[in-house]
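**Student:** Sequence:
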Amino acid sequence: MEEEHLVIMDETAIRRALTRIAHEIVEKNKGIDNCVLIGIRTRGIYLARRIADRIQDIEGKPVEVRELDITSYRDDRKAASVDTRVELAAVIGDLNGEPFSAHDKKVILCDDVLFTGRTIRAAMDALMDCGRPESIQLAVLVDRGHRELPIRPDYVGKNVPTSKQEQIDVSLTEIDLKDQVMIIHQRGQV
Numbered sequence: 001m002e003e004e005h006l007v008i009m010d011e012t013a014i015r016r017a018l019t020r021i022a023h024e025i026v027e028k029n030k031g032i033d034n035c036v037l038i039g040i041r042t043r044g045i046y047l048a049r050r051i052a053d054r055i056q057d058i059e060g061k062p063v064e065v066r067e068l069d070i071t072s073y074r075d076d077r078k079a080a081s082v083d084t085r086v087e088l089a090a091v092i093g094d095l096n097g098e099p100f101s102a103h104d105k106k107v108i109l110c111d112d113v114l115f116t117g118r119t120i121r122a123a124m125d126a127l128m129d130c131g132r133p134e135s136i137q138l139a140v141l142v143d144r145g146h147r148e149l150p151i152r153p154d155y156v157g158k159n160v161p162t163s164k165q166e167q168i169d170v171s172l173t174e175i176d177l178k179d180q181v182m183i184i185h186q187r188g189q190v
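Numbering (the UniProt record's numbering), first residue to last: 1 to 190.
Hints in this document: simulated from the structure, not taken from any laboratory.
Treat the numbers as computed from the prediction; the structure is a model and nothing was measured.
The list that follows gives simulated cross-link-like pairs (lysine-lysine, DSS-like), each with its CA atoms no further than 27 Å apart:
(1) K30 to K61
(2) K106 to K158
(3) K30 to K106
(4) K178 to K164
(5) K28 to K106
(6) K158 to K30
(7) K106 to K61
(8) K178 to K158
(9) K28 to K158
(10) K28 to K61
Just need the whole structure built from these sequences, with the hints factored in.
**Tutor:** Written out as structure tokens, the structure reads:
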């Protein structure tokens, strides 16, 4: 079977989408006080950092950025023990190893593609092991639909209705050496 690739966002479109998301985050939260951006590994952390840079340009002050690895919280993998999960969640991606408390923070989860919602559910489980946030918001570069859970993004770069036979491929300069979003369709599939 042959794959058909179509670029739906280039570097400029991604930059514009992240700038718009940054403005929307500042507006919705009436600034950035008590906000923290948490990027879901792998590409979510790079998007969170880019959004944070744009917020700093807008507000003139930095916003905290953390990285979250949800591997032990996924429902399609062998479950980790509660002790292991709490230990893993105790440090959410701080370069200095400082423990993270979500208590009373406005948490903005950042990810590249929203599909079934299971990744976001796992991220919320991890956050709840770190305290009770004031709110959890969701920023995604691409929302492709097909939700299996009642999860919706607060900030979306681009809505891309897809069939289940299609894939969304996000490439970011930090790891893929280019910025683009492609839709991949398997020719010959229904």
